[in-house]
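For the sequence shown, the residue numbers in the UniProt record's numbering are 1 to 248.
Honestly, the hints are just simulated from the structure, not real lab data. Backbone N, C-alpha and C fix where the C-beta goes; we use that ideal spot for every residue, glycine too. No false leads were mixed into what you were given.
Listed next, the in silico DSSO-like pairs over lysine-lysine satisfying Cα-Cα at most 27 Å (straight line): (1) K72 to K129; (2) K35 to K72; (3) K35 to K62.
Here are the simulated distance ranges between beta carbons: (4) S76 to A200: 42 to 52 Å; (5) L99 to A121: 24 to 34 Å; (6) A48 to E97: 49 to 59 Å; (7) N145 to D101: 21 to 31 Å; (8) A48 to K224: 16 to 26 Å; (9) L169 to Q245: 14 to 24 Å; (10) K46 to N106: 36 to 46 Å; (11) K72 to A228: 20 to 30 Å; (12) E97 to K224: 40 to 50 Å; (13) A48 to T192: 34 to 44 Å; (14) N145 to K224: 22 to 32 Å; (15) V191 to G141: 14 to 24 Å.
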Amino acid sequence: MTTITIITGTTRGLGASMAEQLATSGEHLVTLSRKPSDALANIASKHASTLTQLNVDLGDAKALMQAVEALKPLISGHDRVRFIHNAGIVTPIAQAENLNDLEVINHAFQVNITSAMVLTAAILTASDKATDRRIMLISSGAGRNASSGWGVYCATKAAMDRYAEAVKLDVGERARITSMAPGVIDTDMQVTIRSTPKEALPSLDRFLGFHQNKQLGVPDTIAKRILAALESDTYGATIIDDIRQYPA
Numbered sequence: 001m002t003t004i005t006i007i008t009g010t011t012r013g014l015g016a017s018m019a020e021q022l023a024t025s026g027e028h029l030v031t032l033s034r035k036p037s038d039a040l041a042n043i044a045s046k047h048a049s050t051l052t053q054l055n056v057d058l059g060d061a062k063a064l065m066q067a068v069e070a071l072k073p074l075i076s077g078h079d080r081v082r083f084i085h086n087a088g089i090v091t092p093i094a095q096a097e098n099l100n101d102l103e104v105i106n107h108a109f110q111v112n113i114t115s116a117m118v119l120t121a122a123i124l125t126a127s128d129k130a131t132d133r134r135i136m137l138i139s140s141g142a143g144r145n146a147s148s149g150w151g152v153y154c155a156t157k158a159a160m161d162r163y164a165e166a167v168k169l170d171v172g173e174r175a176r177i178t179s180m181a182p183g184v185i186d187t188d189m190q191v192t193i194r195s196t197p198k199e200a201l202p203s204l205d206r207f208l209g210f211h212q213n214k215q216l217g218v219p220d221t222i223a224k225r226i227l228a229a230l231e232s233d234t235y236g237a238t239i240i241d242d243i244r245q246y247p248a
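Work out the full structure: start from the sequences and follow the hints.
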């Protein structure tokens, strides 16, 4: 049986860690990211993995649709298909009265959830002959508990959770899907959060504390746990999931 794994948002952080681990599998890995990675290519070559790097800004509608068309023929013929939508942005971070830039808001929705919908549709269509299809949407606790200043981010992640549930109703047993919260991880997203003025993000001290007290997850460690969950026999039994519920 042959496996293809498609993953978005692999430039750095959790996505880069997952991609690097997947590149050791000897299977076909497809990344959708803003720029290619020579380091990833070297890992794939060393482990005889097939690597396709599609360079795309998921916030650009035209570029996204071009990537979709490039992706479809790569999927055909594989027995096992995996899709991880990891790409996401936390901005804009602002109080409700300041969320007035339509372009910025639309960009966040497109990267965080709209692109996931479009890619999921393409992958499900192209993989209709596959015997084992698994989709993982990287969500957030912010989609399950509202936070002041995070109106847009919370909305996109809540949408992701509900979308995952709707997809499961659509596909039934023909595919497995979860919306997986990865916990708080030491990535550039946390740097962005910590640099936000407190008047925009009243919970700033909490995030500063995570960093100061070394309570942030390590990307490589979380990536390993996420990929193990994706391949577990029970994957998809819990649609709205959290990696912190799995053994370390």
